[in-house]
Amino acid sequence: MKNIDFLMAGVGGQGTILASNILAEVGLQLGYDVKKAEVHGMAQRGGQVDSHIRWGEKGYSPLVEENNADYMIGFEMLEAARFPHFLKAHSLALVNDYRINPPLVNLGKATYPSKKEIETLILERADKVLWIEGTGIAKNLGNPAMVGVVMLGALSTLIGGDREAWLDVVGRMVPQKFVELNK
Amino acid sequence: MKKLMTGNEAFAYGAYLAGVRVGAAYPGTPSSEILANYAKYPGVFAEWSPNEKVSLDVAIGASYAGTRAMSTMKHVGLNVAADSLFYAVYTGLKAGLVIVCADDPNMHSSQNEQDNRNYAKFAKCPMIEPSDSEEAKQFVGLALDMSEQFDTPVIVRSVTRLSHSSTPVEVTDQEPPPPPEELPAYERNAQQFVMVPANARRRHPVVEERLKQLAEFADSTPINYIEPGDSKLGIVSAGVSYHYAREVFPDATFLKLGMVYPLPEKLIRKFADQVETIVVVEELDPFLEEHLKLMGLEVRGKDIFPILGEFSPSLVRSCAVEAGLIEAPEAPPEIKSSLDRPMRPPMLCPGCGHRALFHVLREAGVVVTGDIGCYTLAFAPPLSAMHTTGCMGASIGVAHGIDKAGVKDDVVAVLGDSTFLHSGVHPIIDVLYNQGSSTTIISDNNATAMTGFQEHPGTGKTIQGRETKVVDPEKLVRGIGYEKVDICDPYDIDKMEEILQDHLKSEEPSVIIARHPCVLSTREKHTPPEVDPEICINCGICLDIACSPLVQEEDHVRIDTLLCNGCGLCVKVCPQEAIIEK
Ligand SMILES: Cc1ncc(C[n+]2csc(CCOP(=O)(O)OP(=O)(O)O)c2C)c(N)n1
Ligand code: SF4
Ligand code: SF4
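Protein chains in written order, with my numbering: chain Y, 1 to 183; chain U, 1 to 582.
Quick caveat, the hints were computed from the structure, so don't treat them as lab data. Heads up, a few of these hints could be off.
Not everything, but these chain U residues come out facing chain Y in the computed CB check (under 8 angstroms) [claimed, not checked]:
| hint | residue |
| --- | --- |
| 1 | Leu4 |
| 2 | Arg317 |
| 3 | Ile335 |
| 4 | Pro346 |
Stretch by stretch, here's where chain U covers chain Y in the computed footprint (C-beta under 8 angstroms, at least three residues) [to be verified]:
| hint | stretch |
| --- | --- |
| 5 | 18-30 |
| 6 | 100-113 |
Computed from a predicted model, the values in this text were never measured in an experiment. We put the beta carbon where it would ideally sit given N, CA and C, even for glycine.
From just these sequences and the hints, can you work out the full model?
What follows is the structure, encoded as structure tokens:
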């Protein structure tokens, strides 16, 4: 069994916690020893929310080590740009093509980096950045907070493995129409 | 069957399985979810107590009555409950008592980084420390058994990274032991339970003797063990740090400690005889390291790893490489480009009533002694309207002290409703009794919002969802003897301003209750207002209320309608009347 380390990064209210719970459950279902850590201060107030999820034969630390993540799932562009140092060489990044301004940007006291700059930064480690219209798709389905399920749908096709396990877990944890989307 | 559980869920499950029937707590990150989860199990009594000291006394009482009990809190909660911890160690108990207490290395959500292992030694109370959720479940049961075997409370230590991480836990259809049909009458034994000096003097030697027995127990308990490995390097660790160390030193010999106080000296010596170099990997204080040094052992620890902050596998590895304990691993290419990535500090929610209050306070130019809760965020620019915050309940006494020192400034104390009932009542009595003239403002949002909207004595609901009496802060302060008391919704900013000025002028000690329910918990929303770009002169005055939907564009301000709560505060503060209610 190959170890897989995932890093999720988003902003409070985007549903990263639900998505990380799903990803951890799927790992357990696939027979991995799973560890998951939420790293957040005051998430509900629009702060950063990061999750570390580890699938392995026998895991120890719930935190992913820098230079070691296989996948990064960014729910927001700037949040994705904070963690390239966690990625290993030849890793993959899935990033929601969505921007939420931090307060300093709104106040005109800082600038939001461009999509191009963010991509260049992540590509120093990752082989590829997959931009996903996650929020757009979730909004069309009636609930922008389901962006995580959209992101996981894309991730599942990359990791492969047992589709039934994914669908089973998603079916238990989210509303039906988002399950349909993943089929 | 294995189920993923957070450390906090596992603590609750372990308590349920071990037959804990009374659980009490005051919320505090990262411990709050322990009692919230425990309260859902059948056949248990759970309560949010007004503060941690009360919660510990309640658990002690249940244990005196012969029922297994639990009290949970965050690290600083034990400062509040310390007096009770110390007496319970002296009196001993009738049934198992476990205190689950969570430290917060790196202060993800705390005002300090205290290492509560020091309390174990200070109070002479045994402490055990699980390293993952399975151990969290098991250690609660073990703590209760130890508590009954040695007649002492037992502290189970957690940290943020354990409480908020999920790892698999074995779940069975095992049921907790059935409750007794009827508890026997309360057994009266004043010699043991009344701590007057004469009795306490008899109890202290019992405590010392018990510690010796616990030290022997530490040497035989299976939760302390040696994991054989290369004899060159011996690692001593406990809790989550053990897992980081395991990843970084896969070949070393390990001493994994499940019990951190008292320590197993025989086992430690046996371990020391097996290895050439001993390294202690522990977050925060050199608690284990100092003990080993006192035993005369040569050990390394804080000369390699920091005393500050939280550990991670990356940090443990880089320190170990620097100290020459391991080779540097092969690393991917270094990241060369640098990118300015603005931080995302937490902010008051759009529509939060605290914002309206602090807008008025800032405009009035008063000194604000603050307290702990969501409203503490008002200290940050651009609101910049709070000038002290220390610990829960400090605001009122600090304001009174500043007042008595005789400074010229107007000073008001501001604290939340949950904080007021936690530790604001005694200081507010002090102001009245000692003829102070300061004004206390209770920013009442009808919730313990900061830690996840827990109920409290002012909300009318218990943790288990039962309707109950409401402790009304107005009646409370009037009952104490306050005569100048006003209640105002801070969204009525003109009236709020007027009441504030009236109270500042008055020499009488006074209370203002600024009442607006927490919108994140009520989910109340209105249609967002609109900025008329023709009228807006882009002065930026509205931006000073620090509300995230307000965005400054090239030549006018815009409102992000997805984020906006429609509360209308910005409409009121715009001097040009450019923001129009819809
Ligand atoms: C002794 C202690 N216990 C618990 C906490 C955690 N804590 C910080 S603020 C707070 C409650 C805040 O509630 P309230 O005063 O009503 O303010 P709100 O967040 O609702 O605005 C709690 C439980 C703490 N910091 N110190
Ligand atoms: S959670 Fe409630 S009290 Fe806290 S900032 Fe949001 S609206 Fe205000
Ligand atoms: S109406 Fe104005 S002050 Fe209220 S939430 Fe919307 S932007 Fe913020």
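Right, here's what the structure says about each hint:
no., hint, in the structure
1, Leu4, "6 angstroms, holds"
2, Arg317, "7 angstroms, holds"
3, Ile335, "5 angstroms, holds"
4, Pro346, "4 angstroms, holds"
5, 18-30, "holds (count 4)"
6, 100-113, "holds (count 12)"
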